[in-house]
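Engineer: Protein chains in written order, with the UniProt record's numbering: chain A, 1 to 686; chain B, 1 to 686.
Just so you know, these hints were derived from the structure itself, not from any lab.
A quick note: this is a predicted structure, and the numbers were derived from the prediction, not measured.
Worth double-checking, as some hints may not be accurate.
Copies of one chain are not kept apart here, so a pair can be met inside one copy or by any two copies together.
Under the rule of at most 27 Å between Cα atoms (straight-line distance), these lysine-lysine pairs were calculated in the DSSO-like manner [to be verified]:
| no. | residue 1 | residue 2 |
| --- | --- | --- |
| 1 | K146 | K434 |
| 2 | K60 | K584 |
| 3 | K618 | K156 |
| 4 | K618 | K146 |
| 5 | K146 | K586 |
| 6 | K76 | K434 |
| 7 | K547 | K286 |
| 8 | K146 | K498 |
There are 2 protein chains.
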Amino acid sequence: MATTDPLVLFMPSGKRGRFAKGTVVLDAARELGVYVESVCGGRATCGRCQVIVQEGNFAKHGITSANDHLSARGAKEERYERVRGLADGRRLSCSSTIEGDLVIDVPQDTVINAQVVRKAALDRVIERNPAVQLCYVELDEPDMHKPLGDLDRLKKMLEQDWHYHDLQVAPHLLHEVQKILRKGEWGVTAAIHRDGPTARPTIIALWPGLHNEAYGIACDIGSTTIAMHLVSLLSGRIVASSGASNPQIRFGEDLMSRVSYVMMNPNGREAMTTAVREAANELIGKVCAEGDVARDDILDMVFVGNPIMHHLFLGIDPTELGQAPFALAVSGAVDVPASTLDLSANAGARVYLLPCIAGHVGADSAAAALCEGPHRQDEMMMVVDVGTNAEIVLGNRDRVVAASSPTGPAFEGAEISSGQRAAPGAIERVRIDKDTLEPRFKIIGVDTWSDEDGFAEASAQLGVTGICGSAIIEVIAEMYLSGVISEDGVIDGALADKTPRILQNGRTWSYLLHDGTPRITVTQNDVRAIQLGKAALYAGIKLLMEKLGIDHVDRISLAGAFGTFIDPTYAMVLGLIPDCDLDKVKAVGNAAGHGALMALLNRDHRREIEDTVTHIEKIETALEPNFQRIFINAMALPNKVDPFPFLAQQVTLPPRQIEQDAGDGTDSAAQRRRSREDRAARRSRT
Amino acid sequence: MATTDPLVLFMPSGKRGRFAKGTVVLDAARELGVYVESVCGGRATCGRCQVIVQEGNFAKHGITSANDHLSARGAKEERYERVRGLADGRRLSCSSTIEGDLVIDVPQDTVINAQVVRKAALDRVIERNPAVQLCYVELDEPDMHKPLGDLDRLKKMLEQDWHYHDLQVAPHLLHEVQKILRKGEWGVTAAIHRDGPTARPTIIALWPGLHNEAYGIACDIGSTTIAMHLVSLLSGRIVASSGASNPQIRFGEDLMSRVSYVMMNPNGREAMTTAVREAANELIGKVCAEGDVARDDILDMVFVGNPIMHHLFLGIDPTELGQAPFALAVSGAVDVPASTLDLSANAGARVYLLPCIAGHVGADSAAAALCEGPHRQDEMMMVVDVGTNAEIVLGNRDRVVAASSPTGPAFEGAEISSGQRAAPGAIERVRIDKDTLEPRFKIIGVDTWSDEDGFAEASAQLGVTGICGSAIIEVIAEMYLSGVISEDGVIDGALADKTPRILQNGRTWSYLLHDGTPRITVTQNDVRAIQLGKAALYAGIKLLMEKLGIDHVDRISLAGAFGTFIDPTYAMVLGLIPDCDLDKVKAVGNAAGHGALMALLNRDHRREIEDTVTHIEKIETALEPNFQRIFINAMALPNKVDPFPFLAQQVTLPPRQIEQDAGDGTDSAAQRRRSREDRAARRSRT
């Protein structure tokens, strides 16, 4: 390689190198580690290796790139253009050579056919390096004098053309090979699965001729909802997405009741495994129909879920997870043929499950951690998924810790007097006027607020039916901010003189949110239920922070459905989450699902999370000696002792009562905290 | 390692080395590569590591070995002796240390329990190195603070104690692990399958506590008969053997008719696959019952068969094998889970099939070659299995060639007027008096010859029913030696005047072997049928010899049932086999079955035959230009042109006619041959 050889820069990776004139662009990319897909092995028939030349003077790189620094289209590429078409500016990198300096763009969404583009779960590009590769080869016909078997000649050609050594073959292909080879007139496409540097590559599927499509499934098995994406393994594009209720709900609403069901019903485990696998298969059918994809083209799948979902899906009895020491049957990543899990896809399809972090922090949390990547950066990042159990992962590239906190069902609307699941008609947003103590709210399905014109008509059909999880957070936070409840969560009965919104309810008081049918109030018990739930979550977080020796968190990712709908500010006012710059608190949607997608599309992510999980330290919150003290302090809004300076800059918090720290015995801690918050508040006003 | 360290010699391998005092004997063996079995990993509970100290002065090795050069029995070994018993002189090598020079014998048939000793198929010891190893480990109990899953802790302990890295787990074990671990109170025995240096080790089975038995199956699927051995993988001992008819016979007597059946019946392939697998399963049941072994203890199996049997067993359509270019679907070795072949053994059991050499020379021939080992030595060795097709392997360590010759069913009694399969009542031996031309014979089931007293009574019940394959050889050879037929196989009608044994039969003559009910004669057609069959075989052999540039063979192994019963001398008189020192012509019984056994008990043999097969050159006899000439010359007894000097030393052959070589046009070849034989005959008389 001479210094006068052309310099080639690939975007978006930025990798560059010098290559002699005449070097095939695809080879140059490969040599630099730039991932460019190819199925037909350079025959210019699959079109997957398309690139674009960026013309112009790129002073920063010292490259003047021009279209004619790439060889002119040859016969092969012309033929492809005639038969399949090439969009403007697109060139086949397998059939073009480097003739001068070049800046080459590798499109991340190579359009081969007119598929609808769907947004990724999160709008991030996943660099592709899938575990399954399609490889087209052409074999010599059998020769009586060279009696190597058909399958053996196939393996030899795959070794020669694609450099796969020591290939295994999925057993079901043994009796199909001869037919397929002859049908393809000795040209066939092999799907080769190779996951990990020590794994032997395996031919898992075979088609006659050039087969140019390969799909994968990324699926998050939630306790309540199963979410699935159908993805092209070649282009990385999400082709279809769908979801369904987890049918195990009929055996038990929550996880522990499903464990009980197993313990009390001899066929319970089997029934629940069958139910979830059937649901997965139905979803596969749905996404295939929606994406117009054949099931037979699905070659790889990634599933995530919490440990009990994970075990039931694998057919493992989850009983041990229901009691200390909460022993996982398997914590490491799992790699099995899809057929062993009764999943209907290509007969050779594979399934990968991410590792579980601990008995209550599962593959879904690992996937969320993979997605958000606390371990990939320097800031202290917290990823939290709030459900009946909250899973918390906290750390940075130096150290990561994890815990599970039993928050209970309050955040989903259960145990709340007017609580309900999010559905049209449910109150989802609430504001309470600090002076009048009058509420205004918004319901799901209607755009106008309750105090705006047209609300009555707009809401007439749906009605105002109850309060959903995100609204619970808001209404209680607003009740605190407006003084309806104290920092200890007590509804102030004295306010009954000021406003008809405060109603007596036995020996306690309630706040009337909506006087309709039904009548929607927030009771003292409701407030307590939320306090208990949020205190459990905060205590788990605080214990992790103490383990890491930190007093604040730099970044918070709220994962899961709940995270998507709660207002981070209100969550912080409640003290559900610790103090943090609110600009760095984000809902990240189904991070677990996105993590599954990352693992599906890139083997390196699998190795990454497998390694990371071995370093994540699991804290068993209930056993920590500080837990009780921290929990009690966390009952108060936002917290009895911990300061919230970042929050105070954004929101005017009510003055703190000078109370005793539950464990401290002095009021100096409270005073110090109040001073800190007052200073912060003053700073924000100047 | 000092030169004053004790010197230890292991027998029978002869490996030796110096080890510091205090070195555990088992460790020393392993370091030298001496295979000593151990399941319990040094806990002195399995008893598999037993050795014997050979006392005395071994001047050749410079070792004076004594019992007290081994540490005295410790508590562990005492306990084993109390509980399980140790035969005199036996010591547990895992619990004894080296304290002085030693000669240590590693018994090849370690008796753990009182099993009946059966002879191996061939009385040879197979050095053991099985693909499945039993490994006992003890795990820590689960710990909430160290949330590694049960299966993951198992893998870790197997890595720590047994040095297995990167272990995979058979999927069916995922949901059984927890139960088994707890049942074993955290002590379990794992069966680990690892076949080949690039294969990842896989846990295929798991038992609670110490599980001290592992069995394997070696099976030869013949066209007519399926032969199976049940073997202990730990001791190498054959525990039971059995055989059964191949049920595919009902779909077609011979191989080609079975191929036709597939082509003409849409479910034919499936029916034949099902039939052979059911037969294999039944045989497994039989050998298990006979050996008092549980099916669940069978972990590894090796199957061999000719290519059509091989393919049908694997569920592969054999149609391509019925026509040029006779393309094998797979020629390399096959390694699949037993469950994929519907075989009932341990759920994690594996199956290995040896490679096939060519379209008509299958895994059975490869197994026979493995057994006899032409590639392992310097002499020119021929291994031949005579059936409807004869498979021939010829060569030495430098070069090996193989061919298949279609001999037809004559050697099994078909197409012979009085021919029948070997069964009680069939003539199996014949002698014809050179002067009187009177025959005497022996039938299967009766010890006396037909000319001895008591024969009539002894044979009254069975009757004399026909001539079996081995007797065909003898009677025709005797007819030649006595002059009844010419070297060209023509029955001499002129002899009808001399003896009532020569009968007219239309336009030809027959020889009357037995005038009973039925009347047993050898017709001219019978002779022709045998000539054609033996000429085909000889021609195949001769072509291989020409390829190797040799004019004689040093050693001949006659494999298969036919080989067991024919008299090599008569086979050579017939010219069925080439000239060779008769002391070096041996029947080797079911060499294919023994080769399967070798591959079952020692992974190195699998690698050996996989490598050897890649070097075996396949000759397609029917396409060779010389075939016709060689074939025609081979019609004569023993051969028209080839000399048989070795044979002439043992047997007085009739004088050769001075005929023309079919392709030579001169009589010099015949003359030269006759001179050579005459000289050889004179030498043998002096």
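Engineer: Each hint: holds or not?
Structural biologist: Outcome of the hint check:
1. K146 with K434: For K146 and K434, neither the intra-copy (91 Å) nor the inter-copy (50 Å) Cα distance is at most 27 Å.
2. K60 with K584: Intra 32 Å, inter 82 Å, cutoff 27 Å: neither.
3. K618 with K156: Close across copies (19 Å), not inside one copy (47 Å); limit 27 Å.
4. K618 with K146: between (59 Å within a copy, 8 Å between copies)
5. K146 with K586: neither (65 Å within a copy, 31 Å between copies)
6. K76 with K434: neither (74 Å within a copy, 81 Å between copies)
7. K547 with K286: neither (45 Å within a copy, 63 Å between copies)
8. K146 with K498: For K146 and K498, the Cα distance exceeds 27 Å both inside one copy (99 Å) and across copies (56 Å).
The structure shown violates the earlier hints numbered 1, 2, 5, 6, 7, 8.
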